[in-house]
Amino acid sequence: MILGDLTFEEFWLRLSGPGVGLRIGPFNVRVQDGQQGLFAPTFHFLYSDFPLLSDDEPAEFRIRMRDPTGVRRWWRRQVQFRLDDTDPFYPFPASLAYPLFEWGINWCIYEHVHEFFVIHSAVIEKGGRALLLSAPPGSGKSTLCAALIHRGWRLLSDEFALIDKADGRIFPLPRPVGLKEKSISLIQSFAPESRMGPTFADTNKGAVAHMRAPGDAVARAGESALPAWLVFPTYGAGAATALSPVTKALAFIAASDNSFNYKILGETGFECVSRLIDQCECFDLRFSDLNGVVDALDGLGAGRSSVQ
Amino acid sequence: MNLIRIVARNPLIQILRSPAAALRLNARQWEDLLWLARGTRLSGRVWYLLEQAGLADRVPGPVRRRLSSAFLAAEYHRRQLLWEVDRIHRAFHGSGHSFVVLKGGAYAAAGLRTAMGRPTADVDIMVPSEAIAEAERTLLGHGWEPVVADAYDQEYYRRWMHELPPLRHRVRETELDLHRGILPLTSRLRADAESLHRMSIVLDDRGTRVLSPPDMLLHCAVHLFHDGEIRGALRDLVDLDALFREFGERPGFWTALVPRGIELGLQRPLFYALRYTAYLLGTPVPQDTLDAADIGRPSAGILAFMDWAVPKALLPPLSPGEMLLSSGAGFCLYIRSHWLRMPLVSLSKHLARKFVRRLWSSETGIRDATR
Chain X
26 MILGDLTFEE FWLRLSGPGV GLRIGPFNVR VQDGQQGLFA PTFHFLYSDF PLLSDDEPAE
86 FRIRMRDPTG VRRWWRRQVQ FRLDDTDPFY PFPASLAYPL FEWGINWCIY EHVHEFFVIH
146 SAVIEKGGRA LLLSAPPGSG KSTLCAALIH RGWRLLSDEF ALIDKADGRI FPLPRPVGLK
206 EKSISLIQSF APESRMGPTF ADTNKGAVAH MRAPGDAVAR AGESALPAWL VFPTYGAGAA
266 TALSPVTKAL AFIAASDNSF NYKILGETGF ECVSRLIDQC ECFDLRFSDL NGVVDALDGL
326 GAGRSSVQ
Chain E
12 MNLIRIVARN PLIQILRSPA AALRLNARQW EDLLWLARGT RLSGRVWYLL EQAGLADRVP
72 GPVRRRLSSA FLAAEYHRRQ LLWEVDRIHR AFHGSGHSFV VLKGGAYAAA GLRTAMGRPT
132 ADVDIMVPSE AIAEAERTLL GHGWEPVVAD AYDQEYYRRW MHELPPLRHR VRETELDLHR
192 GILPLTSRLR ADAESLHRMS IVLDDRGTRV LSPPDMLLHC AVHLFHDGEI RGALRDLVDL
252 DALFREFGER PGFWTALVPR GIELGLQRPL FYALRYTAYL LGTPVPQDTL DAADIGRPSA
312 GILAFMDWAV PKALLPPLSP GEMLLSSGAG FCLYIRSHWL RMPLVSLSKH LARKFVRRLW
372 SSETGIRDAT R
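Same order as they appear, the protein sequences are chains X and E. Counting from 1 along the first sequence, just add 25 to a position and that's the residue number in my numbering. Counting from 1 along the second sequence, just add 11 to a position and that's the residue number in my numbering.
It is possible that part of the hints are untrue.
Said to hold, decoys possible - Below, computed lysine to any residue pairings styled on SDA-like, alpha-carbon distance capped at 25 angstroms:
hint: 1; chain 1: X; residue 1: 230; chain 2: X; residue 2: 107
hint: 2; chain 1: X; residue 1: 230; chain 2: X; residue 2: 211
hint: 3; chain 1: E; residue 1: 360; chain 2: E; residue 2: 176
hint: 4; chain 1: X; residue 1: 190; chain 2: E; residue 2: 179
hint: 5; chain 1: X; residue 1: 288; chain 2: E; residue 2: 121
hint: 6; chain 1: X; residue 1: 288; chain 2: E; residue 2: 176
hint: 7; chain 1: X; residue 1: 230; chain 2: E; residue 2: 71
hint: 8; chain 1: X; residue 1: 288; chain 2: E; residue 2: 65
hint: 9; chain 1: X; residue 1: 190; chain 2: E; residue 2: 65
hint: 10; chain 1: X; residue 1: 288; chain 2: E; residue 2: 360
hint: 11; chain 1: X; residue 1: 190; chain 2: E; residue 2: 62
hint: 12; chain 1: X; residue 1: 273; chain 2: E; residue 2: 185
hint: 13; chain 1: X; residue 1: 190; chain 2: E; residue 2: 71
hint: 14; chain 1: X; residue 1: 288; chain 2: E; residue 2: 179
hint: 15; chain 1: X; residue 1: 273; chain 2: X; residue 2: 194
hint: 16; chain 1: X; residue 1: 190; chain 2: E; residue 2: 214
hint: 17; chain 1: X; residue 1: 288; chain 2: E; residue 2: 201
As the list claims (entries may be wrong) - Some residues of chain X that are not near chain E, with every Cβ distance over 12 angstroms (derived):
hint: 18; residue: 27
hint: 19; residue: 39
hint: 20; residue: 41
hint: 21; residue: 43
hint: 22; residue: 51
hint: 23; residue: 84
hint: 24; residue: 100
hint: 25; residue: 119
hint: 26; residue: 206
hint: 27; residue: 286
hint: 28; residue: 288
hint: 29; residue: 300
It is worth saying that the hints were derived from the structure and are not from the lab. For every residue, glycine included, the Cβ atom is placed at its ideal position computed from N, Cα and C.
Kindly generate the complete structure, drawing on both the sequences and the hints.
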């Protein structure tokens, strides 16, 4: 049973009562409260393809989107993200409950998940082979990811590469793809069929909107993929598309720098990066035009790498 | 307090008392366990206990992933602690200082099971009182820096406390506390630091020292029941339980414990440690030791207060009502800990000052930014 099988009323009753339990990639998440701003309708729309947890499945992250208790709420409504009894962020204005939720889920993953080797990276797949777009925030990886999943690639994740420590395969974590500022309209015109949630202006990262993960990607969230390409994208205004090979040594350093738990996993972390670098062809990517990138990366996916 | 009721409702306490209790938990109780274990920072420890009991396979997938991840994070901290001890050796190399590693660093350095699943990378070391100024200078010359800039706090530590203001390493960002003893200079109890040094144990050929088993235990007891805040310190009670169980297997430990406690004047905290670990966590203690430890029993009134307050403050509250009681009990114990630590006049000045400052700074703390 998926979330979309519930009517909005049924969904609302669960949310304000025992919580809505969902399987998001490999994680069991329960969400409660969430009566602020556009949270409930946005959540219901963006997660409608996701499987509901059955009653005998425990959630590993129990999240409450709740009103803070301070006096402020009497003149300005706010919202807090809570995991258990901790609130890792300062309260947000109530209207920004949904973006706060997505950032909160990210926090849960990079703070608490060490059963995978975790890299800050978008991941897409074609023919069973995964392509990692690994970069710090602001380099355009979510935008690229959103574009490519409308040109024949499957979405694994727009934020985290979850790498199996035993065999190096990447586990899908399809979630709504967060887009910022100009990327929102860019993707809307690049892929008019994409389904976008509301735009939230004035977050601390500017305007933010979330693109619904394609239903096929969500349905195939159990199918892992072997990494084949590791790409480090940089957006440069007006730059010509250029895909240039990176030495394995530099790729090793970049991948470990972009990892959330390289140090925590110690020797295992080192082995995971080594194996990833061995498995992948590694490239720097400079780009400005989405169509150019799609062609260049399709070349990789079709097995005719233009630079080899 | 009704222990049976607390245990029946609290899956964390159930598993700490007996890991086999995990076999009886339903989905909601597993969720509660994760919530309680994360809140008390005991997730890694719970995983270690379940694994040792051969129950790892019986834990539902999502719970297993979270607990085992916490254990991996704790293992990282354990490696860091060992590395910090190594770095301190390097800093002191050739200076002739000998230092005793305390608390978590000692459990890790001594290879104790108590160190497993314990998430902290802060190091505590003790040097002889006369060498402390030079030891601090040495560390400041090797990359450690003062954490506390505030002149009042600096003065407070140096004048009253058994440790110097905390240091932090500039690059590794780990915290280091430099102790001259295990109790504040003003405390109502005195533990002879020289005797602690004399009885300490050398672990390796570099001269890494830790307290002897009875002293390690007494230090942990003092830390929880005499010096620290009891509220939310279930982790410290779990340390005590682990040390009792681990040292209890060694010949001579139980017979040496109470006499050593009396020698150091620490029979009261030892009495509390034995009482509340046995009561709340089911720690096995020989009857002879319990009888001998009775010498540390407080008056009936104080004991009744402690029996009321300690479990409420230590155990994570499960409902808003319990939360209120826990705050109340925690507050009483907080006042008590300061009372034990300082003469009344200095205490009231200190608390007044802290209160005024808290009013000023309550809005300025910074939490994790969004990503």
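Results for each hint:
Distance check on the hinted pair: residue 230 of chain X and residue 107 of chain X sit about 21 angstroms apart at the alpha-carbon level, within 25 angstroms; holds. For the suggested pair residue 230 of chain X and residue 211 of chain X, the alpha carbons sit about 17 angstroms apart, so the restraint of at most 25 angstroms is met. Between residue 360 of chain E and residue 176 of chain E the CA atoms are separated by roughly 19 angstroms; this keeps the pair inside 25 angstroms, and the hint holds. The straight-line distance between the Cα atoms of residue 190 of chain X and residue 179 of chain E is roughly 33 angstroms, outside the 25 angstroms bound, and the hint therefore fails.
Distance check on the hinted pair: residue 288 of chain X and residue 121 of chain E sit about 23 angstroms apart at the alpha-carbon level, within 25 angstroms; holds. With a C-alpha separation of about 28 angstroms, the suggested pairing of residue 288 of chain X with residue 176 of chain E is violated against the 25 angstroms cut-off. With a CA separation close to 38 angstroms, the supplied pair residue 230 of chain X and residue 71 of chain E exceeds the 25 angstroms bound. At roughly 28 angstroms between alpha-carbon atoms, residue 288 of chain X and residue 65 of chain E are farther apart than 25 angstroms, so this suggested pair is violated.
Taking the CA atoms of residue 190 of chain X and residue 65 of chain E, the gap is about 22 angstroms. The hint holds against a cut of 25 angstroms. Among the hinted pairs, residue 288 of chain X with residue 360 of chain E is inconsistent with the structure: their alpha-carbon atoms are about 44 angstroms apart, more than 25 angstroms. Taking the CA atoms of residue 190 of chain X and residue 62 of chain E, the gap is about 19 angstroms. The hint holds against a cut of 25 angstroms. Of the pairs offered as hints, the one joining residue 273 of chain X and residue 185 of chain E is violated, with about 32 angstroms between alpha carbons and a cut-off of 25 angstroms exceeded.
Our distance criterion of 25 angstroms between C-alpha atoms is met by residue 190 of chain X and residue 71 of chain E, whose separation comes to about 20 angstroms. Using a Cα cut-off of 25 angstroms, the hinted pair residue 288 of chain X and residue 179 of chain E holds, with the two alpha carbons roughly 19 angstroms apart. At most 25 angstroms may separate the alpha-carbon atoms for a hinted pair to count; residue 273 of chain X and residue 194 of chain X meet this at roughly 19 angstroms. Taking the CA atoms of residue 190 of chain X and residue 214 of chain E, the gap is near 34 angstroms; set against the 25 angstroms cutoff, the hint is violated.
A threshold of 25 angstroms between alpha carbons decides the hint, and for residue 288 of chain X with residue 201 of chain E the separation of about 41 angstroms lies outside it, so the pair is violated. No Cβ of chain E comes within 12 angstroms of the Cβ of residue 27 of chain X; the nearest lies about 19 angstroms off, and the non-interface call holds. At roughly 15 angstroms, the least C-beta separation between residue 39 of chain X and chain E is larger than 12 angstroms, which holds for a residue marked as non-interface. The non-interface label for residue 41 of chain X is consistent with chain E: the shortest C-beta to C-beta separation is roughly 18 angstroms, beyond 12 angstroms.
Consistency note on residue 43 of chain X: stated as away from chain E, yet its beta-carbon is not over 12 angstroms from all of that chain's, at 9 angstroms minimum. Non-interface call for residue 51 of chain X relative to chain E: violated, since the shortest CB-CB distance, roughly 8 angstroms, does not exceed 12 angstroms. A beta-carbon of chain E comes within 12 angstroms of the beta-carbon of residue 84 of chain X; the shortest separation is about 6 angstroms. The beta carbon of residue 100 of chain X is kept farther than 12 angstroms from every beta carbon of chain E, the shortest such distance being approximately 17 angstroms.
Residue 119 of chain X, annotated as away from the interface, keeps every beta carbon of chain E farther than 12 angstroms; the closest lies near 16 angstroms. A cut-off of 12 angstroms between C-beta atoms confirms that residue 206 of chain X is not in contact with chain E; the least separation is 16 angstroms. Once the 12 angstroms rule is applied to beta carbons, residue 286 of chain X is inconsistent with being away from chain E; the minimum gap is 8 angstroms. The Cβ of residue 288 of chain X sits about 7 angstroms from the closest Cβ of chain E, inside the 12 angstroms cut-off, so the non-interface label is violated.
In this structure residue 300 of chain X is separated from chain E by more than 12 angstroms, as the shortest Cβ-Cβ distance comes to about 18 angstroms.
In terms of the numbered hints stated before, the structure departs from hints 4, 6, 7, 8, 10, 12, 16, 17, 21, 22, 23, 27 and 28, listed from lowest to highest.
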